[in-house]
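Q: Residue numbers (this note's numbering), protein chains in the order written: chain F, 1 to 534; chain W, 1001 to 1104; chain R, 2001 to 2704; chain P, 3001 to 3170.
No wet-lab data here; the hints were simulated from the structure.
Hints are not guaranteed to be accurate.
[As the list claims (entries may be wrong)] Computed list of lysine to aspartate or glutamate pairs in EDC-like fashion (alpha-carbon distance at most 16 Å, straight line):
#1 F:Lys209 - F:Glu178
#2 R:Lys2682 - W:Glu1098
#3 F:Lys525 - F:Asp306
#4 R:Lys2380 - R:Glu2493
#5 R:Lys2380 - R:Asp2287
#6 R:Lys2682 - W:Asp1097
#7 F:Lys478 - R:Glu2171
#8 W:Lys1029 - W:Asp1092
#9 R:Lys2621 - F:Asp335
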Amino acid sequence: MQYQFLGIGFLTWITFLPVLGMVVVLLIPRGNTTAMKWTALAATVLQLVFAVLIWINFNPSLSGINDASGFQFIEKTRWIDLQGVGWFGHVAVDYFLGIDGLSLPMVILTAIISFVGMIASWNINKAQKGYFALYLLLDTGMMGVFVALDMFLFYVFWELMLLPMYFLIGIWGGPRREYAAIKFFLYTLLGSVLILLVMLGLYFSVSVKDPTTGQMMHTFNMLDFMNAKNFDPNSLLGGLGTYWRYVAFIALFIGFAIKVPVFPFHTWLPDAHVEAPTAISVILAGVLLKMGTYGFLRISFPIFPDAMLKFAFPLAILGFINIVYGALCAMAQTDFKKMIAYSSISHMGVVLLGIAALNTQGVAGGVLQMFNHGIVTAMLFLVVGVIYDRAHTRDLSAFGGLANQMPVYTGVMTVAFFAAIGLPGLSEFVSEMLSYLGAFQSFQWVAIFSSIGIVLTAGYMLWALQRVFLGQLPDKWKGLPDVNGRELVAFVPLMVVVILLGIFPSIMLHPMNASLNHLVEFVQKAGSGLVATK
Amino acid sequence: MNLHVGLTDFLVVSAILFSLGIYGVVTRKNAIMVLMGIELILNSANLNFVAFTRFGLMNLTGQVIALFVIILAAAEAAILLAIVLNIHQQLDTVNVDEVDKLKN
Amino acid sequence: MSPIDTTLLNLAIAVLFLPLAGFTLLIFFGKKIPRLDLVETGILFLSLAFSLYIMIEKIFILHLGTLDLTFRWIDIGAIVGHPGFVLDIGIAIDNITAIMLVVVTLISSLVHLFSFGYMRDDIRYIRYYAYLGFFSFSMLGIVLSNNILMMYVFWELVGISSYLLIGHWYEKKSASDAGKKAFIVNRVGDVGFFIGIMIVFTSLHTVLFSGIFKGIAAGQLSGPLLTAAGILIFCGAVGKSAQFPLHVWLPDAMEGPTPVSALIHAATMVAAGVYLVARVYPMLTGDALTVIAYIGAVTAFLAATIAITQNDIKKVLAYSTISQLGYMILGLGVGAFSAGFFHLVTHAAFKAGLFLGSGSVIYAMHHEQDMRRMGGLRRKMPITYWAFVIFSLSISGIPFTSGFLSKDSILGGALAYGMLSGNYIIPILGYGVVFLTAFYMFRLIIMTFHGEPRDHHKFEHAKESPAVMTIPLVVLAALSLFVFYTFNPFSPESSWVMKSVVKPESVVPAAQTRGWDNPVPVETASVPSTPNTLPQMGNQTRSVTYYGEALEESHYVGMGLSLTLAFLGILAAFVVYQWKKVDAEKLKQSVKPVYTFLLNKWYFDELYGATVVAGTVGVSKAFAWFDGHVIDGIVNGAAAFTRGASSLSGKFDHYVVDGLVNFSAWFTGLLGKGVRRVQTGKVQTYIVFALLGVLIIFFAFRQF
Amino acid sequence: MNWYDIAFYAFAIVTVVSAVGVVFSRNILYAAFALLFTFFGIAALYVLLTADFIAITQILLYVGGILVLIIFGVMLTSRAFNVEVKRGLLKRIPAVLVVGAMAGTLIGVLTTTQWPSSNFSPYEDTARPIGALLMTQFVLPFELASVLLLVALIGAVIIARREKERGAQL
């Protein structure tokens, strides 16, 4: 382990730094909110620093996915080791962290979004201590999901992030926050249960040789799940293309689909977004949604490649529905935030479409879209947050003519909107293009019909832009101030990323390259029962 | 030294004392009398300990325990008498049957 | 690559990025540094100089081949069993590009100059210049790109700059609506374009034009898919060049400032569609070309009929633009490639001139655009007037103008097409439009400049525009004369544009071409291919085809016909509007239904509004309702069901389970009542019981 | 039967008889005095069991301490003499039965049990080993006992005194 700081691996640092920050925040006396804010900010900034360090030291030629030697920054120690736990037998869970080209963009995204969200949280004026503590805990949960390679650990982080989210929406949210928070919680909990079930099914189906004792034992190691040889032939999920494997894939799919969210599991999203405070919306749309698709790529696809190949077409169809349905719903909204929430659904459909294509450009486009959408939608929610902070309304029809009143804001929002429309030169264009190109290669007609979404997106985005910025300025908004320095600090890094990745997408594509190619190849081969592993 | 009187005899004496002590505790109304019954019981226990020590069923520990029991008995007596005095002052009785304020 | 090639490519890159640098400068420092508009204009003139240098070096002096600079943009590696994913992009300069560079930078710099006057008092003056710079950058990007993807990229960017400029006066709802409409309608076309790109890329794994043509020539993409790809890519052109049925945005786009209309919506951006078709020309199959030709012809006719009824000076010009773009598309469609492109160049000059001229008029009339309130301006604005006349003659196709050269060759091509295919609809429409064009242009001139002023107040204040506005007019008027293109005013073929822009040879399988586009067998060919032809993108050589022969035949017939029709059109305009021999109002009344139909632009807006727009909005509302009520209803229903079930189970719990519990408690209580007597509260009693218990246990467990 | 046996029976009878007196005496003062004899008898039995130290302690503590305390208590509770010290017959019968049964059982058990051989030579000197034990093995209980005594002492004083004050206030 060469990448260490103070004897602790980078990934542990990046994951648990926020917890450290949380402890410090909790120790700060109640009144001292300034110290809390700066502590929390420091934690996220340090996290960002680590993310950059990881990015710099990342070796883009290693592939990962199902190949333990292809992962980087690995940290692996026995975490839980219980002998003879009832019929579970010998339970061993590893603290197994590592990243490859698939997780790297997500790690960076999480770090960026956490930082930006922290800045957007600056004006929280209710129970700050709890807020910042929960925020940091949430941060750890998110980061952990992206670096965990042991499924048990993955699940722990997955659940860890749920609770702070519930409170952050339920306490600091808008007027219908309880409803939204409970809805979010129940939805995601349902998903978690399905994931848990599949996880247990996999656990009991897979046996590997314990390196220390030499005896066969069950494991939660994701990489072991991906090797068809490790499945006990008579176990529930053994073999290829069996009924239970399909069931498990679908259950896992629903579990992750709720997070994405895939139609028809999406209705928690508009409510949660609308009620959540700005920073939490940013996190929600920027990172949480990506966990679903990340779960597909990290877990569903390589573990159930046979089912993946079978269900690729329905997946693409769902992607199409997401794109068009989300866009149409967005068009009908009058609530600014809700519109953006639906636009997220639409854009995540592109991810789905891309990864369902299961070819290089499609998957690369999908993953890049995950990253880009994270950045862009964060900007969009920040944009809404700015206007909501000032005007205390999100009704699109209540605005107009703000372009003259708030020129800088208009510029920022125009960039964000155009990025969301998929304007070339901005990041989302590249990823959408790659996704569509990939989808077209695999599912020609789905891609063609999905491209209706391109027009619809332009339609509702421009309509919103027009309603907010163009036309005459109503008298009551004459005093609205333009964006301030703090808000610019949140916007500028995102804008830089959006433009940079629009022009040089290779910055992000290059590190992903080897992993995604390997993923595609692996799933294609393993799914059709060819040589399963290297 | 071959004794006719053996362990059993002492234990029997002890048992009789114990039974009498119990009887006293159970039948007496006067708190002080109850205390006396308790003292009897304690003494019977002590007698057992010492007897066991003498006949090799316990080492000297038995006598040490007896010593502690005596000490405890002293403490107990002191406290109990203080309580009795108190009750007497408060309720003007030492009859344990009448000390039932908590009951009603 | 020779040094001069490198130099030219570097210059081209400079031409491309200079306006972007100007844009960045203006956006970020526009408020801090004064008079940045001068910098921006200077930049454009510099670009113009570079472009001229490139064009002259390339076409007239060195006769260079295609200059190409390609680099790898995205590389997602290759994996076994898959072709991998590599995207190469870059720039290339061939003759078309070189000419387009000059056209774009020339019009753009003239418009910059003109805007000094026209936009002088605008509140967002600097922003306006910034956007102009951005537009120039995007447009030059389209021109320079050597691949279809980058073209799409800049395609969208010009769309966005067009959006921003149309909506420049966004306080007006109509302006922001128009911008939005333009962008969305363009997007519809772009989706087709994008699907076309997807087809091409998926089949050929490249986006470079050269690679595409090579791949198609090698037969990797053929059959209906190739036709579809061609038509879909053409969809992009339909959107951007405002062809039927996506032409509806262009008239609305006139909400933008008039110089913008001149630059974007007349000369350059809308011509990008034509440029696109010219770029992908070798891959268009015969069927695709026929579709293109029909679209062009229909558009030209439709727009021209609408133009004769409009009263807004800019609207007339807008429809005229659509009509002329239809001509170009038609030209390309029928196979008159060089002519179509030539018309693009000449049209850029005279149509930009027309718009700037109308801008000059509007400026003088204090932003009055209705022709019915003008008149008699000839005396007040002589320079504008004479420039306008030259432009109008040019657009009408009167000899000694550039328009005559290019339009005539398109019509010749159309006629040749008619002869070869036996299908005369396209040439008939084309010639009909000649008459209409001449008519509405002179109707415009007469209504605006001749006769008596109708609004005396405005007329009194009208005066000739300042020099910054008239100079561009004069320059453009000069460029609308034949001398800049050829010294023989009756021979378009002799113009350098036609000579240097040669119809590329088709790469589609022979079965899918039009037979007459194929070369005439060598032994019958009158002229063998000359070795020193100018190579173009794709695999193009100049050779004699059946089409070329037909063109020769039809040339003089076509010229005579078009001249006659043009003169008739002008005559008609004079008869009706100048000499008032026929009462225009009576004429309108006599054909009222037709007139109303035309005045309302064939009801396209209403049609789209009622179907596509209302349909989409309706569906979106329906979906939103569905989302809120059905899906969420299911979710909430599930929640309610759960609550109901829980309340049921609560009742069960209360009455049955709790009942049992309570019963047992009651029973216990009954028991307790009996046993309670034992509980005397007296320690002594307890001791007795305890002892009793001990005894019982003892005897219960004793083993002896 | 030797002197040892005679001494045992004599003291055993003294002890048991006086204990019966304690339990059955109507007069509390008599009971107290009977208790005195019981204590003495037990002390004598201790001597017979070669537990000289315990015997001395028994006399000192019980006779000199506890019994005096009891008599003080009797005296201080003014109406002690008039109190009906015994329960009614009806309540005594179950007690007599149970206690009798228990005594019978105990004695039966004790006599039937085969105790290990009693050839154990008695301790010659007990005071010194006990002292040593108290200072070594039992030092913690010893200290605890001392603390307990102190606490009991203070507690007794407080309990007896505080209530008195309150009574005075009333």
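Q: Confirm or reject each hint.
A: Hint check:
1. F:Lys209 - F:Glu178: Outside the cut-off at roughly 48 Å; violated.
2. R:Lys2682 - W:Glu1098: holds, 10 Å
3. F:Lys525 - F:Asp306: holds, 9 Å
4. R:Lys2380 - R:Glu2493: Status violated; Cα separation ~40 Å.
5. R:Lys2380 - R:Asp2287: violated, 52 Å
6. R:Lys2682 - W:Asp1097: Holds. Lys2682 of chain R to Asp1097 of chain W sits at ~7 Å (cutoff 16 Å).
7. F:Lys478 - R:Glu2171: holds, 15 Å
8. W:Lys1029 - W:Asp1092: holds, 14 Å
9. R:Lys2621 - F:Asp335: Since the Cα atoms of Lys2621 of chain R and Asp335 of chain F sit roughly 14 Å apart, the hinted pair holds (cutoff 16 Å).
Checked against the numbered hints given earlier, the structure breaks hints 1, 4, 5 and satisfies all the rest.
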